[in-house]
Structure formats: C-alpha cells, structure tokens
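> These protein sequence lines are chains L and Z, in that order.
Positions 3 to 372 (the numbering used here) are the ones given, in order, by the first sequence.
Positions 37 to 329 (the numbering used here) are the ones given, in order, by the second sequence.
Read the hints as simulated data drawn from the structure, not as lab findings.
Heads up, some of the hints might be wrong.
Pairs of lysine to aspartate or glutamate, EDC-like flavour, derived with a Cα cap of 20 Å [claimed, not checked]: (1) Z:Lys305 - Z:Glu290; (2) Z:Lys280 - Z:Glu43; (3) Z:Lys67 - L:Glu220; (4) Z:Lys323 - Z:Asp193; (5) Z:Lys67 - Z:Glu39; (6) Z:Lys48 - Z:Asp308; (7) L:Lys230 - L:Glu252; (8) Z:Lys123 - L:Asp50; (9) Z:Lys119 - L:Glu220; (10) Z:Lys119 - L:Glu234; (11) Z:Lys122 - L:Glu234; (12) Z:Lys311 - Z:Asp193; (13) Z:Lys123 - L:Asp198; (14) Z:Lys285 - Z:Asp308; (15) Z:Lys311 - L:Asp301; (16) Z:Lys122 - L:Glu220; (17) Z:Lys119 - L:Glu252; (18) Z:Lys285 - Z:Glu248; (19) L:Lys230 - L:Asp257; (20) Z:Lys219 - Z:Glu248; (21) Z:Lys285 - L:Asp198; (22) L:Lys223 - L:Asp238; (23) Z:Lys119 - Z:Asp72.
The following residues of chain Z were derived to be distant from chain L, with all beta-carbon distances above 12 Å [claimed, not checked]: (24) Glu115; (25) Gln118; (26) Ala146; (27) Arg149; (28) Ala190; (29) Asn202; (30) Pro241; (31) Arg244; (32) Gly271; (33) Pro288.
Glycine included, every Cβ here is placed at the ideal spot set by N, Cα and C.
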Amino acid sequence: MLTIATGNKAVAAAVKEVKPDVIAAYPITPQTEIVEQIAEYVTSGELDSRYIPVESEHSAMAACIGASITGARTFTATSSHGLLYMHEMVNWAAGARLPIVMANVNRAIGPGWNVWAEHTDAFQERDTGWLQVYVSTVQEAYDTTLMAFRIAEHADVILPVMVNLDGFLLSHSMQSLDTLNAGDFVPPLHLPHAIDVLNPAGYGTLTGPDEHFRFRWEIEKAMRRSRKVIAETERDFAERFGRSYGVAEEYRYEDADVVVIAMGTLGKEAEVAVDLLRNEGVNAGSLRIRWLRPFPDLDLSGREVVVIDRDYSFGFGGIIAQSLMARQRVDLYSVIAGLGGQEVTYDDIAGFVRERRPGTELWFGVNGNV
Amino acid sequence: MTEIPKEEFILKCTSACAGCPSTLILRYVLKAAGADTVLVVPACCTSVIQGIYPNTAVNVPVYNVAFAAAAACASGMSEAFQKAGKKTNVIVYAGDGGTVDIGIQALSGAFERETDFLYICYDNEAYGNTGMQRSGSTPIGARTTTTPGGKVHAKKDLDAIVAAHNPSYLATACAAYPQDLFKKVQKALTLRGSKFIHVLAPCPPGWRFSSEMTVEMGKLAVRSGLWILYESEFGKVTINGPSKAAMIKPIPIEDYLSVQGRFKGIDRKAIDALKSQADQRAKHLQKEAEGIC
C-alpha cells in the first residue's frame, strides 16, 4: 500500500508486519515515535504483541533477552544515550545468541545535550557481536527492518541485528512508503536453544577459558555465515517485492575514478554530489556502506577515495576511513562531517571531492586539513 | 506437618561452601515450585554454586543474567510465556547486592508493572560472591572487607520499599525455617502478579561462624527479633508463629551478635541502634497486623 511516512513510522509499520511476541520499549528522542506508534498498534489491537513499558534501556534489552530465550520474537528501539545505557545487555544479547531486532535512531552523545544525527552511538557497539545495517530512505528503513528479522533468526546466523537510521534527517522526514504484505518472507522463529522445562539446562553458567574462547569463535563463524544469508535475503526480497540494496549501494560507480564513501542519509546526499561533479567533467561515483557488521569486502583498487565519517574515534581517526585502510592499501581523503547534526549539503560533498587531499583528514567547518 | 516432596531439584554436585544457606533455601524453593519453573539468576553466589559449564547442579532451567538485569529479564520471560499460553513459574533468585543495590531499579519497574513472577532475595547481608564487601543490606556495626571498622549506616529497609509497590504477596522467611519457607513459596505461586519473598541467609564464612551453625544462627536471628517472619497478602499482614513468640519473649540480641565474628568489637551505640531498629520494625508490623495502620 502506498502511503507517506516518517522513518520512525516506517520502522513501526515493518514491526507490525512481522508481529513480534514481545516488545520492550523506553522512549528517547528521536526514537520516541517508533515506540509510541507500536503502543498505538498494540492498544488498538492491530498488533497482537506483549508490550512492556520498561523503566530504562538496560531493562528494555534485559526484557528482550528474557523473552527471546523462551523462543519468542522480540523487538526494541533506542538511540544514543539509551543505546549506551544498555551496552552491557547489548553484549549479553549477542553472547547469548538471541536474534533480537533493534532499531537505533543515530544521535550524538553528550555532553552537551544534542539530539541530532551522528553515528558514534552505534559505532560504539560495533564489536559486540550484533549485525549492524544503516539505511538512507524511509522505504529502505521499512524494507531493511523486515529483512533484519529474517537475517537475525536464520539458523545459520542466530545473532541480533541493529537497524540504524539517522536522527531527524530520516527518523522525522516524510517520504513515500510502499508497505507490504510480507507473507512468509519472514518464517516462524525456531530458536534451537530455547528454554524447555522438560529438558532443563543452565544458560550462561560459569564458563572456563577454553569454552569461552570457543563460544567467541562461534559468534565469529555466525557473523561470517551472515554474509551469505544477507545476500540470499536481499535476493528473495527483490524477487518478491522488486527492491534491493546490497551490502553497499553503488551509484555511478562502475567507471568512477574518484569515489565518495558515506553511510546513512549522507550516502544519498553523495549521489546528488556525484551528478554535479559528472556535469563538471569529474568522473565521480559513490558507495554507500549499508552493513557495518559484517563489514563489506570492497574493491577500491585503482580509484581515489573520499570517505565521509559521521563519527570519530579520538586518537585514531574516522572509523570508516580507518577500517577501509586496515583492509586494503587505499590512498584516501578522510572527511569528518555531520557530527551532532551539522548540515552537510551535496554542494559541500562535491567540494570535498574537488578539494580532496589524499592522505589527510578534514574536520569540515572546524579545521582545515590536518 | 506440611507434606514436602522428596523430589530434589538441587543435585549433589554444587560448588557451595559448607553450611551454605543459599543452597538450602533454593532446595526448598524448588521443591515448592516444582519442575515447571525457570530460575532467573543475576550475579550472586548462586552463579557459582550451580556449577561450571557444561555441568549444572540445578535440575530446572536456569537463566543467568547480568547483575542489574534480573527483574527486567524475568519481565520479558513472564510476558513471553503468557503470550505462548504457558503457565511456567518465573522465579528470580537473587542475592541482597543484586536486589537492594544494583538491581533495585529493575525490581521497582517490574513490580510497578505488576509483572507475574516471584522475586526471591536471599539475604546474607553482604556481597558474598566477591568475598564479603558491604551491601545496602549489611546491618550497622557489621564488619565486612569494605567496612573493616564496622558498618556505620543502617540496613536498608527493603521490605518497606517493596511494600510501597503494593505487591500481591510479600513475605520474609529464614533458612532455619524451611517448612515456613516452603509454604510461603507455594502460596506466592498460587497468586497472580508480583510476589516477593525476602529470606535471611546466615552465611558461615561471611558472618564468621562455623559451618554446622547455619540453622542455629537463623533461629537466633528470629528469636532475638532482629529478623521477623511475617507475610502480607494483598497488604494484609500476618506475623508468623516463631516471631509472635519472639515478640512476647525475645532473647537478648547480644546472644545473636556474640556468636558471629563479623560483630566482634561492635560498640554499644551500634548495638542500641540495632535494637531500636528491631523494636520499631516489630511495633510497626504489630500495628499493621492489627489493622491499625
């Protein structure tokens, strides 16, 4: 059904379509609209889920964990400080191999209080064993949330998935949305290690070094297998519903000599910048990284690369720029831009390309090349 | 006599200390609850007592979870079982640190939401698993590894905090009175909503008494009036037999304090504070039981 919705409403609509058994939620700007909309669905009877209005994000994830280990489908949503407050349980969910799906509306971290877009919140959770995907449009937020459940719950994965959307820029932007009848696209969940009182077991008991190490390796193996599951899920989604995105979305990339790499809404903005540059005779293209974990294998050889990080690791660098350099020898220009919701236009992005200085880092609007 | 089932859910391979009250309490909790039960256990002595992976000494499913998360985890579990049409008992089994300190926010939230579960706090009045540091539940005057001169603050009144949430059922119990505990667990599990049982767990290494004295120590706590056995069903308070007797004719609290190494060297002021706290609590409960307040 074609409609108009915000990014937040799109996430809520997708959640309604997959009918989680238990949803635990705590409000935080700019995520609040998701949990409000879901509360509406549950109250009106449109969605038959147990809705737990918890007293904190730590408890939101703890409640999802308690529900998920019984074999129930679970969902929660958060943002920024909420995500950091639940950090302990974010780790627990992945370690316990629970296919929880969470929407995170990317927002800066205080102090001072800033409610606008930045990726640092979710990037701080990148080593927890969660799969992470970043979306750029309202439709993509909807489609990806549907896919997230199928990927998380797939027998070859059984890991939690975090769907990230930029605060306000996407969470509160109205765009057209085609909602789906997902049918059996997301099959019923079968959790192999669900609690069974007829077959009692101890979960998370005291674990020695050898077993702990083995469990960590199992998480990594599942993470590696998830690449294939993501690809299969995308393929089936495209066949059924006619849309696909890829682990990274390419735009005029094939013959590009210089490539802009960005995530979320900045990745879409970069496409407009590419058109501008092409009109000027610059052979530009763009690549929008969608999946942060598992990190995509990108072949950037023979191209100049401009990376825009809406994040930073102090004393280290832009996290995407540094991650790309760790994987391959690439001469890139690292741009730090958009922190705390700083406005970054397609003209600005075109400017980054025109004035690129490979091997240096730019803090846009704050400091020149450093 | 209450008929207590012979079936054991605590197997003979725990890694508990000799004379451990927590294992004794859990043994009777599970006898009362039966096989259709899941335990949620935050970080506490029971995290270790149940054994090392891949073994377990507990013959019902045990979900171990992070320190502050037990009541919230149980909320999710309870809702999921209800959604699936299952009547499985969800029981949190948590120590005093995980209840009165780090876990109290989750506890408060779960009780405010009237989560259908039973929360049992086994209270050995310190952080036992990490080697006896003070908790909010440590009584005044008690020496712990972080209060080597004796604790200067009073024990937090956990029961009053829980009572303020108007739970379906609230009771105290003691490791030395297993039949009383058994009956209370059974009764709690017949009621819907949030239930709470606070069980005193005299801890031989923590309180510094010899391991065959656990039951005796629990009895001294009750007879001296420092621990009062009572229950409150939907707010109606009943003081239980042993404590009724203690209210008429208590033994001197010094008889309880002097046999524990943790109270060695306790000063008069702290003893008076303990006495006064116990007296006030007894008076308050008596009034509640008579329906005066």
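> It remains to establish, for every hint, whether it holds in the given structure.
A quick look at each hint next to the structure:
1. Z:Lys305 - Z:Glu290: Holds: lysine 305 of chain Z and glutamate 290 of chain Z sit about 13 Å apart, inside 20 Å.
2. Z:Lys280 - Z:Glu43: Violated, because 32 Å separates the two Cα atoms, which is more than 20 Å.
3. Z:Lys67 - L:Glu220: Violated, because 36 Å separates the two Cα atoms, which is more than 20 Å.
4. Z:Lys323 - Z:Asp193: 17 Å, holds
5. Z:Lys67 - Z:Glu39: Measuring from Cα to Cα gives roughly 11 Å; hence the hint holds.
6. Z:Lys48 - Z:Asp308: Violated, at roughly 42 Å.
7. L:Lys230 - L:Glu252: 19 Å, holds
8. Z:Lys123 - L:Asp50: 19 Å, holds
9. Z:Lys119 - L:Glu220: 31 Å, violated
10. Z:Lys119 - L:Glu234: At roughly 31 Å apart (the allowed maximum being 20 Å), glutamate 234 of chain L and lysine 119 of chain Z break the hint.
11. Z:Lys122 - L:Glu234: Violated - the C-alpha atoms of glutamate 234 of chain L and lysine 122 of chain Z are around 35 Å apart, more than 20 Å.
12. Z:Lys311 - Z:Asp193: Status holds; Cα separation ~15 Å.
13. Z:Lys123 - L:Asp198: 13 Å, holds
14. Z:Lys285 - Z:Asp308: Roughly 18 Å between the alpha carbons, so the hint for lysine 285 of chain Z and aspartate 308 of chain Z holds.
15. Z:Lys311 - L:Asp301: 76 Å, violated
16. Z:Lys122 - L:Glu220: 31 Å, violated
17. Z:Lys119 - L:Glu252: 43 Å, violated
18. Z:Lys285 - Z:Glu248: At roughly 26 Å apart (the allowed maximum being 20 Å), glutamate 248 of chain Z and lysine 285 of chain Z break the hint.
19. L:Lys230 - L:Asp257: 27 Å, violated
20. Z:Lys219 - Z:Glu248: It is violated: about 25 Å lies between the C-alpha atoms, which goes past 20 Å.
21. Z:Lys285 - L:Asp198: Between lysine 285 of chain Z and aspartate 198 of chain L the Cα gap is close to 49 Å, so the pair fails against 20 Å, i.e. violated.
22. L:Lys223 - L:Asp238: Distance ~23 Å between lysine 223 of chain L and aspartate 238 of chain L Cα, so the pair is violated.
23. Z:Lys119 - Z:Asp72: Given that 20 Å is the threshold and the Cα spacing comes to 16 Å, the pair holds.
24. Glu115: Given that some Cβ of chain L is not farther than 12 Å from that of glutamate 115 of chain Z, nearest at about 4 Å, it is violated.
25. Gln118: 7 Å, violated
26. Ala146: Per Cβ check, alanine 146 of chain Z is inside 12 Å of chain L; nearest 8 Å; violated.
27. Arg149: Per Cβ check, arginine 149 of chain Z is inside 12 Å of chain L; nearest 7 Å; violated.
28. Ala190: 26 Å, holds
29. Asn202: Holds, since 17 Å exceeds 12 Å.
30. Pro241: Correct as stated: the minimum Cβ-Cβ distance to chain L is 19 Å, above 12 Å.
31. Arg244: 26 Å, holds
32. Gly271: Glycine 271 of chain Z is indeed farther than 12 Å from all Cβ atoms of chain L, at 23 Å.
33. Pro288: 42 Å, holds
Hint compliance for this structure: hints 2, 3, 6, 9, 10, 11, 15, 16, 17, 18, 19, 20, 21, 22, 24, 25, 26 and 27 are not met, and every other hint is.
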